[in-house]
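Enquirer: Make a model of the complete structure from these sequences and hints.
Protein sequences appear in the order of chains A and B. The numbering used here applies: residue 1 is where the first sequence begins, and numbers increase by one. The numbering used here applies: residue 1 is where the second sequence begins, and numbers increase by one.
No wet-lab data here; the hints were simulated from the structure. Hints may contain errors.
[What the hints assert, rightly or not] One side only, chain A facing chain B, incomplete, derived with CB under 10 Å:
hint: 1; residue: Ile-16
hint: 2; residue: Pro-22
hint: 3; residue: Met-25
hint: 4; residue: Phe-391
hint: 5; residue: His-392
hint: 6; residue: Leu-505
hint: 7; residue: Tyr-506
hint: 8; residue: Leu-510
hint: 9; residue: Met-514
hint: 10; residue: Tyr-516
hint: 11; residue: Thr-517
hint: 12; residue: Ile-519
hint: 13; residue: Val-520
hint: 14; residue: Pro-528
hint: 15; residue: Thr-533
hint: 16; residue: Pro-536
[Unchecked claim] List of simulated lysine to any residue pairs, SDA-like, C-alpha gap at most 20 Å:
hint: 17; chain 1: A; residue 1: Lys-182; chain 2: A; residue 2: Asn-122
hint: 18; chain 1: B; residue 1: Lys-308; chain 2: A; residue 2: Met-29
hint: 19; chain 1: A; residue 1: Lys-545; chain 2: B; residue 2: Pro-155
hint: 20; chain 1: A; residue 1: Lys-33; chain 2: B; residue 2: Lys-308
hint: 21; chain 1: B; residue 1: Lys-308; chain 2: A; residue 2: Ala-20
[To be verified] Computed footprint of chain A on chain B; a stretch qualifies when at least three of its residues, placed anywhere within it, have a C-beta under 8 Å from a C-beta of chain A:
hint: 22; segment: 120-133
hint: 23; segment: 271-277
hint: 24; segment: 310-320
The beta carbon of each residue, even a glycine, is placed where N, CA and C say it ideally should be.
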Amino acid sequence: MNITRMMEWDIWGGAIIVFAGPYGMYLLMQWLKQLKRQSALSYNQAANLHNNQHQTLECSTDDTASIHTDTSDERHLLSISSLLHQKIDYIGNQLGHSSDLTVRYLTLSDHSARNSAILFINGLVDEKMISDFIISPVMQNRDSISSILSQQPEQLLSTLHESYIPICKGEMCPSAEYVVSKLLSGSVALLVDGVTETLVMDVKSSNGRNGEEPISEPLVRGPRIGFVESIEDNISILRIRAVDRNLTIQPYELGARNTTKAALVFIRDLANAELVAEVDRRIQTIDIDDLPESGYLEQLIEDDFLSPFPQMQNTERPDRVIAALLEGRIAILLDGTPFVLLAPVTFSMLLQSPEDYYERWLPSTLIRMLRYLAAFIAMFVPAIYISFVSFHHGMIPTKLAVSMAGTREGVPFPPIVEALMMEISIEILREAGLRLPKPVGQTVGLVGGLVIGQAAVEARIVSPIMVIVVALTAITSFAIPQYGAGMPIRILRFVAMFCAATFGLYGVLLFFIMLYTHIVRLHSFGIPYDSPTAPPQAAGFKDWKDFMIRVPLFLLKRRPRMNHPQDSVRQDPNPKPKG
Amino acid sequence: MIHVKTRSESLSAMQIAVLLANNILGTSILLLPGSLSLAMDTPDGWLSILIGGCLVVGCGYLMLWFSRRFPGMTLFECTELIMGKWIGKAINVILIIYFILLCSYEMRILAEVVNLFLLERTPKSAIIIAMMAVSLYLLFGGLNAITRMLTFILPLTLFVLAICLALSLKVFDINNLRPVLGKGFGPVLKGVKETFQSFLGIEALLILPAYLKQWKNTYHAVWLGVGIPTIVYLLTTVIVIGGLTLDGAKITAWPTISLIRSFEYTGVLVERYDSFLLTVWILQIFTVYILYHFYMVEVLKTILAQSKPTIWIFVSLPVIYILAMLPNHINDVYSLLKYLYWLYYFMLLLPVLLVVVSFCRKDIQYGRTS
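Expert: Set out below in structure tokens:
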């Protein structure tokens, strides 16, 4: 049989490579995964041990205190009359038992303990006003109030408001429903046992703007407010803007040594319950001594530690957070950092900006497409240039090929070396520009780039077209709206360049397949990273209305399906004509 | 007697259509116009493709009917169930050989084309090894990852292909397609066989429906999954013969690429468009390869009764590689292709055999237990 090749050594060599290479890679990956699993395990065990020791040491002081508080809590709960308790419970339920709902019990008469309560939401009200003008007058005049309470309980609240509490805006509301909405707009509610009505007083805190415009995410059009370092302030920023009573704040205390407050924020009847449970589970597993920044949190609960792509989005913009919450995603706030984490995230979300929705749909659509183009250029253009220059001269127009060859004349290096030199120096310039003092930074960056580029071309170390390509990629990588989203592109550009240097266009294609395979395999909290590109059902293609294009707002009747929100309707699909 | 496996991954009808279309579209985009013209010697190839397409839709319906008789089971599981353990295993080994041969065939054609049009001096072994390694990464992602990838690739392919074909209307001449039926119906029927072979990949309908959750719209999926390749083949053949003339299509090795290379649009950033065509074609070869490799793993799982035959997947790689590298010349590949087509017909006829045997054997119960 002469149609097959004789058994040549290169066939067998290749066969060994094609077995050993992938298998070695597979074993390496398994080992890395196991490493992570093991490290998590051993750390937990170590921490448990540590905690146990800790507990035994502090047993003497701690235990007595905790027993004390427990019993006192129980007593109070028992003594609150059922009616008052019901009311408080109802309001708590309406607000999802969020951590920022504060209940302050008061004792109005001597006969029964804790027969009155003040309810308010932290951060929305001025606490000094409450203690000075509500609590202290009530406490000082307890005797007279007590007598009113025993004689004519129905008159108590109006008497209190008229004679004792010096706050100008106040009203009586009969329904607890209304009380909840007033609480969310910065009021304080005074509930008294045995009285059906509730006294609601406006004590809105007056600090209007406290956040500066975020430096990392500037917008042309949009609110000029950013998060600050305090978690209470951040939650109140969210509360002020999002008065939805279903906005739920679930508190955590993380960090074994430096305990730091964290909060999981979601909209209760919108966010997928499984997602919330999964995030909660992952946060519960965190066991670390200190969490200085939300980046720690992100790295501890992300899905794949080997991926170059961020699996949570970080933002300083409250409007972005609220928009994400309304799409059925969740937010994690950490005390001490203005960066809020959003999950789940997909690649398309990283290329979106809140401005896309503030501007009209046509410019937004075009700018979005421009961003996708920019991401493509930033990742692939140096690689394509290298493959054209090193392998496929025939594929570019002849005149261009001739002029390119002319400019490369006298350059002693192969294109990949030339490209690496320029790309690395521009990355260094970029990094240096971040560290330099602000007024100097830009100047040094620009001048450095120009001088290095110009001088390198004149010294015939690089070709001018290479400088154009590098400058183009540098500029396009700044068009990505988030810093973290630009990172994988910057990293993978180099991989693409190496692939192009080895296999030309075929290598770029292989790199693309590999990259997209990675994106397809990657999940962020259960959501495939490539969604909404390839939805399982044909109906999922409706998410494309808000993907590369942004259709007019009146067509975005439903929330994105990829997040599986509980309530999918954003605008009523069949609005009734008004009037 | 039988337990229906609960599969961790599931497909919708739309995804089956996408996988089917990806599975069928492969080497034939580049080869079909030439092989049809050679076999028929008339420019009536488009008629054969239309007839062949309808025939394949019919086949697809029959296959779905078969899958529906044994819901939740792949062909291989059916084989082991109906033919008994040992005969079933023997048949499944033949199917493994078939899938491995197909993988090797795709890789070899890929290496030939890349060697000819993109990388003249790179050895074929490097081209093949790189592609196999990359697709292994996707294979380990599971069927859902494969489906997501292919759902992305298919529209991309169709879009680029449509642009390339539209641009080649510059050299299109309707007179090259005349006379219609100049030599009667004889050549058209001869072409149907050729067309039927280019629909290699239809056997996906014997495997993938096992992953279906709901049978709703599955029959539409056949129309979509076969319709897309039919239209692509039809347009390609018409435009290639219209652009290159019948004789031109006969003598060139890769008629579609020759067509795209035969015209230039000056003054645009890119003058020639064959690189775009090659790009999407390589993507299509990748999809076909990954699907056949996936089927091979499925058979392995059935034979070995393991859920993760990891080491055997790695063992299959050098086998595919050696088989791909063995033929001396591309023409040898073509001459070996007829054995592959025998196996193709064998696999298509296998369900018939199984149904007949299952009618004879009364002791077999099938269907979902729940």
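Enquirer: Next step is simple, just say for each hint if it's right about the structure.
Expert: Hint-by-hint comparison with the structure:
Interface hint status for Ile-16 of chain A: upheld, as the beta-carbon distance to the closest one in chain B is roughly 7 Å, under 10 Å. The restraint placing Pro-22 of chain A at the interface with chain B holds, with a minimum CB-CB distance near 5 Å, inside the 10 Å limit. Against a cut-off of 10 Å between C-beta atoms, the interface hint on Met-25 of chain A holds, since the closest Cβ of chain B lies about 8 Å away. Taking 10 Å as the C-beta cut-off, the interface hint given for Phe-391 of chain A holds, the closest approach to chain B being about 6 Å.
At about 7 Å, the closest approach between the beta carbon of His-392 of chain A and any beta carbon in chain B falls short of 10 Å, and the interface hint on this residue holds. The interface hint given for Leu-505 of chain A holds, since its Cβ lies 6 Å from the closest Cβ of chain B, which is under the 10 Å cut-off. Interface hint status for Tyr-506 of chain A: upheld, as the beta-carbon distance to the closest one in chain B is roughly 5 Å, under 10 Å. For Leu-510 of chain A, the suggested interface contact is upheld, since its CB lies about 5 Å from the closest CB of chain B, less than 10 Å.
Interface hint status for Met-514 of chain A: upheld, as the beta-carbon distance to the closest one in chain B is roughly 5 Å, under 10 Å. At its closest, the beta carbon of Tyr-516 of chain A sits 6 Å from a beta carbon of chain B; the interface hint therefore holds under the 10 Å criterion. At its closest, the beta carbon of Thr-517 of chain A sits 4 Å from a beta carbon of chain B; the interface hint therefore holds under the 10 Å criterion. The beta carbon of Ile-519 of chain A is positioned within 10 Å of a beta carbon in chain B (closest approach about 9 Å), and the interface hint is therefore held.
Residue-level restraint check for Val-520 of chain A holds (minimum Cβ-Cβ distance to chain B is 4 Å; threshold 10 Å). Below 10 Å, beta-carbon pairs count as interface contacts, and Pro-528 of chain A has one with chain B at about 6 Å; its hint therefore holds. A cut of 10 Å between beta carbons decides the hint on Thr-533 of chain A: the least distance to chain B is about 5 Å, and the hint holds. Below 10 Å, beta-carbon pairs count as interface contacts, and Pro-536 of chain A has one with chain B at about 5 Å; its hint therefore holds.
In summary, the hint linking Lys-182 of chain A to Asn-122 of chain A is supported, as the alpha carbons are separated by about 14 Å, within the 20 Å threshold. Simply put, Lys-308 of chain B and Met-29 of chain A have alpha-carbon atoms about 16 Å apart, close enough for the 20 Å limit, and the pair holds. Proximity of Lys-545 of chain A to Pro-155 of chain B is assessed by CA-CA distance (about 17 Å); at most 20 Å being required, the pair is judged to hold. Proposed proximity of Lys-33 of chain A and Lys-308 of chain B is supported: the alpha carbons are some 17 Å apart, at most 20 Å.
Proposed proximity of Lys-308 of chain B and Ala-20 of chain A is supported: the alpha carbons are some 19 Å apart, at most 20 Å. Evaluation of the coverage hint for the segment 120-133 of chain B: fulfilled, as 11 residues show C-beta separations to chain A shorter than 8 Å, against a requirement of three. Judged by the Cβ-Cβ criterion of 8 Å, the segment 271-277 of chain B is covered by chain A as claimed, because 4 of its residues qualify and three suffice. Counting residues of the segment 310-320 of chain B whose beta carbon lies closer than 8 Å to any beta carbon of chain A gives 5, which meets the minimum of three for the stated coverage.
In the structure shown, no violation is registered for any of the earlier numbered hints.
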